[in-house]
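Protein chains: 4
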Amino acid sequence: MSHIPADVEELRQRTRTFIRDVVIPAEPHPGDYLDEGVLTDLKAKAKEAGVFAPHVPAEWGGQGVPIEFWSPVFQEAGYSPIGPAVLNCMAPDEGNMHMLAQIATQEQKERFLAPLAAGDVRSSFAMTEPHPGTGSDPSALATRAVKDGDEWVITGDKRFISGAELCSFFVVMAATDAEESAAATEGSGSAQAKMGQAATMFLVPKDTPGVSVGRPIHTVDRTIAGGHPYVHFDDVRVPTSAILGEPGKGFAYAQVRLAPARLTHCMRWLGLARRALDTALDRAEHREAFGDVLARQGLAQELIAQSVIDIETSDAMITKTSEVLATDAKEANSRSSIAKVYCSEAVYRVIDRAIQLTGGDGVSDQLPLVQYLNDVRPFRIYDGATETHKFAISRRASSKRRKEVAAGAPRLDIVREAR
Amino acid sequence: MSHIPADVEELRQRTRTFIRDVVIPAEPHPGDYLDEGVLTDLKAKAKEAGVFAPHVPAEWGGQGVPIEFWSPVFQEAGYSPIGPAVLNCMAPDEGNMHMLAQIATQEQKERFLAPLAAGDVRSSFAMTEPHPGTGSDPSALATRAVKDGDEWVITGDKRFISGAELCSFFVVMAATDAEESAAATEGSGSAQAKMGQAATMFLVPKDTPGVSVGRPIHTVDRTIAGGHPYVHFDDVRVPTSAILGEPGKGFAYAQVRLAPARLTHCMRWLGLARRALDTALDRAEHREAFGDVLARQGLAQELIAQSVIDIETSDAMITKTSEVLATDAKEANSRSSIAKVYCSEAVYRVIDRAIQLTGGDGVSDQLPLVQYLNDVRPFRIYDGATETHKFAISRRASSKRRKEVAAGAPRLDIVREAR
Amino acid sequence: MSHIPADVEELRQRTRTFIRDVVIPAEPHPGDYLDEGVLTDLKAKAKEAGVFAPHVPAEWGGQGVPIEFWSPVFQEAGYSPIGPAVLNCMAPDEGNMHMLAQIATQEQKERFLAPLAAGDVRSSFAMTEPHPGTGSDPSALATRAVKDGDEWVITGDKRFISGAELCSFFVVMAATDAEESAAATEGSGSAQAKMGQAATMFLVPKDTPGVSVGRPIHTVDRTIAGGHPYVHFDDVRVPTSAILGEPGKGFAYAQVRLAPARLTHCMRWLGLARRALDTALDRAEHREAFGDVLARQGLAQELIAQSVIDIETSDAMITKTSEVLATDAKEANSRSSIAKVYCSEAVYRVIDRAIQLTGGDGVSDQLPLVQYLNDVRPFRIYDGATETHKFAISRRASSKRRKEVAAGAPRLDIVREAR
Amino acid sequence: MSHIPADVEELRQRTRTFIRDVVIPAEPHPGDYLDEGVLTDLKAKAKEAGVFAPHVPAEWGGQGVPIEFWSPVFQEAGYSPIGPAVLNCMAPDEGNMHMLAQIATQEQKERFLAPLAAGDVRSSFAMTEPHPGTGSDPSALATRAVKDGDEWVITGDKRFISGAELCSFFVVMAATDAEESAAATEGSGSAQAKMGQAATMFLVPKDTPGVSVGRPIHTVDRTIAGGHPYVHFDDVRVPTSAILGEPGKGFAYAQVRLAPARLTHCMRWLGLARRALDTALDRAEHREAFGDVLARQGLAQELIAQSVIDIETSDAMITKTSEVLATDAKEANSRSSIAKVYCSEAVYRVIDRAIQLTGGDGVSDQLPLVQYLNDVRPFRIYDGATETHKFAISRRASSKRRKEVAAGAPRLDIVREAR
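Chains as they are written, first to last, in numbering that gives the first Met the number 0: chain P, 0 to 418; chain X, 0 to 418; chain W, 0 to 418; chain E, 0 to 418.
One should not assume that every hint holds.
[What the hints assert, rightly or not] Taking lysine to aspartate or glutamate and the EDC-like style, the derived pairs with C-alpha atoms no more than 16 Å apart in a straight line are: (1) Lys146/W - Glu58/W; (2) Lys46/X - Asp119/X; (3) Lys402/X - Glu284/W; (4) Lys399/E - Glu284/P; (5) Lys205/W - Glu164/W; (6) Lys399/W - Glu284/X; (7) Lys44/W - Glu26/W; (8) Lys205/W - Asp156/W; (9) Lys402/E - Glu284/P; (10) Lys399/P - Glu330/P; (11) Lys399/E - Glu330/E; (12) Lys108/W - Glu58/W; (13) Lys205/W - Asp234/W; (14) Lys399/X - Glu284/W; (15) Lys46/E - Asp20/E; (16) Lys399/P - Glu284/E; (17) Lys108/E - Glu245/E; (18) Lys46/X - Glu67/X; (19) Lys399/W - Glu330/W; (20) Lys402/W - Glu284/X; (21) Lys44/X - Asp119/X; (22) Lys46/E - Glu58/E; (23) Lys402/P - Glu284/E; (24) Lys205/P - Asp234/P.
In short, the hints are calculated from the structure, not lab data.
Sequences are here, hints too, so could you generate the full structure?
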């Protein structure tokens, strides 16, 4: 990678070494969760090795890598399914740290970001709700926060709240009255007008009265400790200082969080895709059938080549998107939508092909590949399902072209219909 | 389906009703195995309902459906992931029953087929071996049987032996000396000559001294009770009467078993694909987003239409292949290879799309869909991986065309290269 | 093919021989149209060989093959891009003959069907109109026919009217007043009610005053002589006896024509796909690169195997659909929609892969393959574009499932949302 | 595009304006070649507008854009199928200019590069040969050059020599004796040793005695004037000064030419893909069916979104590859191989989908789309067919991984096979 600064490249190399020498040997058996004690131990080793929290600003104890260069480092972390947790750059914490660093008050940073960046506590992002609340369509937000004197009272149900069982606090998205959210005058204003409501984010410690973790939901992945359960907020009272940033800006902040967060998923999973391909290459190099090793058989070569192409194009798309993450929020949102669809589908294909190349071992716990497949399967749905993004991508393309034509670009579809 | 005889159609309808009214309500939670006691109870109900063992000849207690009409009935059975086990038409028993009915002696049928057909015992097919033994390439068979007086002594390791933990007997494939296998003079003779060895099938009760079930292998599917463990044969002594059919004909018999066995997998999994699509259709009918139900949104319609196409073409290919199963072994083998590749990939796609349509529920245990995906994932590998079949399909196509040209068909690729 | 009657199989074999020995040597250079004189000569030879008009009832001079067995014979015809024209089973004549045989009066049959079946004249089907008239959405029909005493006066513009330049008569679809079309009381009545209009088909000789062939439209195919030009009807007066079948039943008749017509396209193009694959197999057998012939190289094998799979599944789907063409119009319509999408896309892929296997020759006039690709490209659009069919397929699937659930089938998408 | 220098961005904008205002209105009717007189006129206008020869160093009259920023400008040029010819950045001239600028002597540059860069003459690259000469496998080179005193005598046949009919000179690749090519001691030495021969490039004016343009080959594209005919070299005598660069380095120079040349194809065709998508978007915006405009119908949105994704990922991959074109030849070769496969397939899909969105017009000369499809179809074959690249990509991946494991990376495919 040509344009990476030398210090980032050096960190990437150290991360690579750490993952291969320390993390991979400690991975749990396929299908199992990582033991919490082992995790704590590995985190300590990561700090010693100077590879902990690569994305966190140095002032909060991280490696301070600029966002446009997270990708090479996160890919190395993701080469092990437990790597991101060990390096403290796993969802949802990583996205929460990024958002807190951008938006939180100094006091909030000290109280919530500091221990999170240090890996001493974990966090959850409480947005998704049971139907018909907010899912793929954020405007359906049903959880509400009502101002009551100096306090806000939050009521509502959430589900698919990743990490809820082990976290210390939640970032809760709640609908708030647009007038109460008086401060929310710019930015997301017009969107809110359309939706008839504003949204506000709150920082809610898990031990706040009224907060309860409900029924667990078992998903097929094994990479996020603490599951994805229901979480209930029953008349949960928090002070005004619990508001993250400004009231009424919840949807805008969600975008601040989302564009990088879905891209870091792409980075981490792309690392895992590389792992899967390496596994398949090793098998193809050493396994014979029909008189030659697989690596010299064309139907294996087809699978390998397609996976290389998927990996390299995903990497290119992540790089292209990363460039604007820090500088152009709107373009970042649009590009990250495309990158998310492409990469989530691509990494799934890569792992799927690796399984084909490893035969029966690939679909069993003899190798971790089918667990990898299950780890990435949900990514084609969370942070916006492929189909939801396509819907948005198509509409944006139509809208952009409509404006070009309105601005004078000649229409290209005219045919002479008359005689 | 136009040409189905009335009695088969009637059985199909009854099977459909039985699955929906009796079997589906008894399904285990997604990710769990079916309880053995529940299974026993359901089998009894299936017998009462006259839908048990549809493929087994009436003389052995089944419904006696001719093989060219198994498909509609097996698809109904497969509409529940536990349906085939309940109806006693699940792999590997179903394939073993079919082979025994074709090849076994009357005495063997009474001893092994009768209780198997009645659902009183289960069986395993012990062919696959640890590398570098037989896997995708059957000629690498490493387990050996040596004649010793009136007995044969079997030695070797097997793995991925589906159902081994709960079965009563194994059909064991072992290499035997071509001369000892003197009776094997026709059929597979030339293939054996090439391979330098013959193979023979033995019926080996599990309690025979020297037989041991070894280390379990956990695969991602949940539909075959008894797992897919290692099985070891250490100087296992069996009488000559344990030989299934004739000595030396093991490879030929494997073909007898394989062509229908891989097609019945297609039938059962196609039933499950229909279940997945129905689940997605129900969700699309009732879940709103972006102002309308999913079923009226084009990106959902794309997924639905593609799945309908996959299902209907798979059904057509199974029908086309079934027609020759009983009458033309060579053509059946060739067509079933194509059908297997197509259907295994198609049913996977259908279930995968159903997950996209059901969102977060689809990748969790809120719905059974991601378990279905894991149930069918191995089918793209067992009974010949997609890539192995493609290799064979391509070679057969080349060989067929070569013969046509040799027989006078004009070559079509000639271009005038001279000036 | 197992169930083909002996006489059809014999005709298929003779057709195969005729195509290879007589037709292929007479094919025009890639990119050129067939010379009309050569065509006339070849038709005479086809009559002599007893392979002319396979689908036409014997009473009108054809071979009288039942519709459920057209596929094997049409595939042989389609093995040459000019084969169907030579055998007089090419669109649009073939579909028109079929419709006339079903619907026309005896007098109309003698006047229009007889010379058409004999290959003495050609016909056109005038339905598609300039935007915003009828295209993918038939209800937008803009051409009108108004009763005036004993005559009807037809006015409107048509385009993409295949064969118009060389035809003798048109089957014209025109909107007619629902009350004037009093006879049209059953069948398509409700659809018409929704559309607020009826439609009627007229048999209009090309030399009728007011009929004119307009501006040509050049499409990329070369298989239909007479192009696809505009055709204009300016106050064209025809007698009531020009009505095909009954007034007001135009949409119903269009369905009668369409289901078989789009399936016979599948049959013919599938024959051409077989030709393309054979061409590629010949090249793969004789062309070396990287030290071996292509046929033994895996990336070629991937292409070959995929094409075999596409061909065999298309064939199976055509067979499945043909079975109900004569017996169940509604099911035929639904299945032929699926078959059309699948086959049109599949034959395109097969020819596309054949081009990859033949390299530079494949995209040039050194071989006819890229012309084949251009010949089949429009089929993914005409008779309903792939996307239009998918829209309909999805809606039919939703509707069918909705009825099942209404009739008592348990909903499968229910998840427990409460605590 | 964030990192583009301001002057390149300014040139891109001017190019965009020039293409839309001047070039598009002058495009020939779909299927026709551009008139030579019109081309000459347009070239003059391009010079006036300061957009001519963007890639050519300023000293030779071009715009001097650095190679890592060619992509945005070439994409604008490619937005019209005749744009690159008008801007003098079309193959094969563009690749020849680049190679001459890198390798030619000052005298050769003045004689050959200067008029080429000025657009006064055209050139051809004579490498591909009739079978069994060099095609996808360059080592099969059959054309030979033998030293005879101060001259070299070239003998051999070439074909698919793009632009040969209108060019002034050829760059001819010929096999030369490794010892005669004494200067060729580094770089490609080992490869030559393996091949048992060296190769040398010669600059051969078309009017040299013994040079003749032979039989034309008609390919489906219309963008390269002068066709792709056979060219024959019969005892063609050229002086030693005709050698391009050094003798014996032909294969190395071919790589120098190839990596950028295939990437500039990607750039230009990506521009055309954008044109196709814009055409489809315009149609989708204005064409109604089934009660709404296409742009708001999901099956159209699927096509549009997929095309946006294809375009953006192609763009990202080109950018990623461009970065190393000037700095790392080996990495550039490897990445450009991946980019070529991906982009050639992607642009084909984009144009293909645009056709689906424009219906019958799309496959006819009512719109230029199907001609675009034919223009890009050969790109999936020339400069290395997709399958040839996949073969190489797979082998490189295996080789790279083999070295990593040899250097200590743990093998990932090990399973415990023993008991």
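Against the structure, the hints come out as follows:
1. Lys146/W - Glu58/W: 34 Å, violated
2. Lys46/X - Asp119/X: 12 Å, holds
3. Lys402/X - Glu284/W: The hint holds at about 12 Å.
4. Lys399/E - Glu284/P: 12 Å, holds
5. Lys205/W - Glu164/W: Holds: Lys205/W and Glu164/W sit about 10 Å apart, inside 16 Å.
6. Lys399/W - Glu284/X: 12 Å, holds
7. Lys44/W - Glu26/W: 15 Å, holds
8. Lys205/W - Asp156/W: Holds, at roughly 14 Å.
9. Lys402/E - Glu284/P: 12 Å, holds
10. Lys399/P - Glu330/P: The given pair, whose Cα atoms are some 12 Å apart, holds under the 16 Å limit.
11. Lys399/E - Glu330/E: 12 Å, holds
12. Lys108/W - Glu58/W: Given pair Lys108/W, Glu58/W holds - Cα atoms ~11 Å apart, limit 16 Å.
13. Lys205/W - Asp234/W: 14 Å, holds
14. Lys399/X - Glu284/W: 12 Å, holds
15. Lys46/E - Asp20/E: Measuring from Cα to Cα gives roughly 15 Å; hence the hint holds.
16. Lys399/P - Glu284/E: Holds, at roughly 12 Å.
17. Lys108/E - Glu245/E: Since the Cα atoms of Lys108/E and Glu245/E sit roughly 15 Å apart, the hinted pair holds (cutoff 16 Å).
18. Lys46/X - Glu67/X: 23 Å, violated
19. Lys399/W - Glu330/W: Satisfied, since the Cα-Cα distance of roughly 12 Å is no more than 16 Å.
20. Lys402/W - Glu284/X: 12 Å, holds
21. Lys44/X - Asp119/X: OK: Lys44/X and Asp119/X at ~14 Å, within 16 Å.
22. Lys46/E - Glu58/E: With a Cα-Cα distance of about 15 Å, the restraint between Lys46/E and Glu58/E holds, given a limit of 16 Å.
23. Lys402/P - Glu284/E: Since the Cα atoms of Lys402/P and Glu284/E sit roughly 12 Å apart, the hinted pair holds (cutoff 16 Å).
24. Lys205/P - Asp234/P: 14 Å, holds
Checked against the numbered hints above, the structure breaks hints 1, 18 and satisfies the rest.
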